[in-house]
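Undergrad: Let the hints inform the model, and build the full structure from the sequences given.
Protein sequences appear in the order of chains A and B.
Going by numbering that gives the first Met the number 0, the first sequence runs without a break in its numbering and finishes at 229.
Going by numbering that gives the first Met the number 0, the second sequence runs without a break in its numbering and finishes at 514.
Treat the hints as calculated values from the structure; they're not laboratory data.
Please note that the accuracy of each hint is not assured.
Claimed, not checked - Anything over 12 Å on all C-beta distances counts as not near chain B; from chain A, calculated:
id	residue
1	21
2	47
3	68
4	112
5	140
6	148
7	177
8	185
9	220
Said to hold, decoys possible - Derived coverage of chain A by chain B (criterion: at least 3 residues anywhere in the stretch with Cβ under 8 Å from a Cβ of chain B; other residues may be distant):
id	segment
10	48-58
11	85-94
Glycine is no exception: its CB is placed at the ideal position from the N, C-alpha and C atoms.
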Amino acid sequence: MRVTNLVKTYHLGRVDVPVLRGVSMSVSAGEFVAILGASGSGKSTLLHLLGGLDRPDKPLTGTIEFEGRTLHEFGSSELDRYRNEDVGFVFQFYHLLPELTVMENVLLGPMIRYGRLGYMARAGALKKEAESLLTTVGLGHRLKHRPAELSGGERQRVAIARALINQPKLLLADEPTGNLDHVTGGKILDMLMEIRRQRNQTMVVVTHDEETAKRADRVIRLMDGRVVEG
Amino acid sequence: MYQALLTRRYLFSKIMPLLAALAVLLCTAMVLVTWSVMGGFLNMLIGTGRTLTGDVAIAWPTTGFRHYEDLIKRLEADPMVAAAAPMIETPGMINLPDGRTEWIMVRGIDGPSFAKVTEYADILWWKRLNKPLPKDEKGEDIRLLDEFFGTPWEDRYQAGLNLERYNPRTGRVEAAAVLGIEVSKYNQRELGGFYTPYAPTKRNPDGTSQTERVFMPDSGQVTLNVLPTDVTGKGVETATAVMPVANEFQSGLYEADNKVAFIRLDALQKMLRMSPYTSAAAPQRSGPEDFATASETEVVQVPGRVTHVLVKGKGNEADAKELKKAVERVYAEFAAAHKGDVPTLDQIGRQIKTWREQNAMFIGAVEKETALVMFLFSMISLVAVVLILAIFWSMVAEKTKDIGILRAMGASKLGVAWVWIRYGLVIGVVGGLLGGLTAFAIVHNINPIHEWMGKALDIQIWDPRVYYFTTIPNKVNGTHAAIVMIGFVLASGVGALVPALRAAMLHPVRALRFE
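TA: Dropping the structure here:
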């Protein structure tokens, strides 16, 4: 993934708030990159742009290339497919659907990907895959539980399993330990490192925590919307 | 796939969608119950409009037309016609035993043939009943007795059918009248839907009053006044006749039951000078050579006249228009055969009417009332659409974060919109089906429910003293049910559409950051 001179400005009423002021960076396959920065530095916005949740300013200021394809050239359905197949998100506040069980939350990605008939044809294999992933993150015994019945650390593990079920090329995590205590956060980070080792998973983790950043292959430090290191 | 899963989970995880389904249920049930009862009421009313008219009527009011026997013979020879009967209709005045005088419509009929064309035999009121009416729980209807005032009911029924009654004073069977049950005002309509005769009070010229012991079909007699006309329609002089009452009828059509008196056809023909008669007329001469016989006259039979011929078809109600065409065809042949002596088809054409055309004003009014009530209820039912819109709007707001999550996981805008539209449709289907079942249960049991309300709460909405029908219509029309249920499913979908589009247009990042 290559990012070149990316600019993003939010418009709050009549006031323009520049968030990213020309960010350039790259992430290689299998690499674990940490984006470090204080609150308001633009790191979450950068992650959203990398994941296709948001688009750069228009007229176009900066590009994001993924495997040679430019994201801003993607149509709406292509961008949906990119988010579903190529990217997996892990959020600070887990963002699980409260009405669904652990298993159903994890299977949501394949349901969106394959549609009704495609999913039903693969249901058996996909359920096995989801169960295996949940066992890997230590939740094999809580498949039918609802998110409300889980602790914060358990919820984040479900979110990680959900992000990985479609075998994305890029895992994007936004403060994955930010809402957890130190011990639990450490365990989550260990788990991400283990997954990365097993799958050679490319990961971009946004954090404000120096300890988390230290475990990355490379750290990109953001300040006031600009890359100051990395 | 995920839409189905989310719809299922959202439906049972919150109280709001269940309230929305309840709103749809109530609206569906309300509209369907109204339609069923009002529609049933309309059908019953329309049915009553047919009881006294047959399927098609040929009318030439006031003066009437001759050779009606020939017309009836020709009509009954037509394969589409089951029977035909003559009738005279004329306005008149009736003087009742208590001294009151009322304007009424006098109809002269031949009982047996009239009964073949109309429901006359069924609507005669005073006849033996084997079991009480549905609402006559105590069996208070006097028709359940073997006899009343010493006369068996069968005698009164036959007297009504033939419009004649034995007069003990003269020792003869005389032409008699059959009055609408409401004409005399001596019959009290009870809650059970039956009538109890009561003694009227007669006011004397000196200011005193006295109670008359009279049961109309037994000792009642009325004075009828009609205005005969000549063949040009000019009034001649009032004709008066005193007639005993043979029976009374209840057609279910208040206008008829309150304002019609039947008498025997020949009696009315006589009063109106429409009876057949023999006349002396100069013979037609072909030339001056007949001069020798110029003073001779010929005896001519002038046939009687009637103002109407009523026709009953062999087919069902839907065939009335075809029957009308057949009647017009037969009438054209009849008019040609009696050229100059009866109105031509062109003259009488507009007076040949199906029973629906004869009752068009009345049926149209009831249909419009039903449509108005349906319209008002449908307007009220828009509440369901707005309610679903409001509930879904609030649910979309509540589920904004879920929408952001779905979008982050690659769900398309259309896919997200479909979650909510589908959700609305499911609520419509659940509410609509349960509403349909509720309506069916209510309509099917509306009479027991109404009776219970009467006993427990002293509420009589459908009072047989006001309405002619003793029971409330209790049939749900399958097509109506389908229309209402599908309508509410679609309405629910429409109600969910705007919130669904709002959900689809939510920016994923803003949705994820929504608190």
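Undergrad: Now, for every hint given, state plainly whether the structure supports it.
TA: Here is how each hint holds up against the structure:
1. 21: At about 20 Å from chain B, residue 21(A) clears the 12 Å cut-off, so the statement holds.
2. 47: Violated, because the least Cβ-Cβ distance between residue 47(A) and chain B comes to about 5 Å, which does not exceed 12 Å.
3. 68: holds (16 Å)
4. 112: violated (7 Å)
5. 140: Non-interface label stands for residue 140(A): nearest chain B Cβ at 22 Å, farther than 12 Å.
6. 148: At roughly 14 Å from the nearest Cβ of chain B, residue 148(A) sits farther out than 12 Å, so the non-interface label holds.
7. 177: holds (14 Å)
8. 185: holds (26 Å)
9. 220: holds (23 Å)
10. 48-58: holds (count 3)
11. 85-94: holds (count 3)
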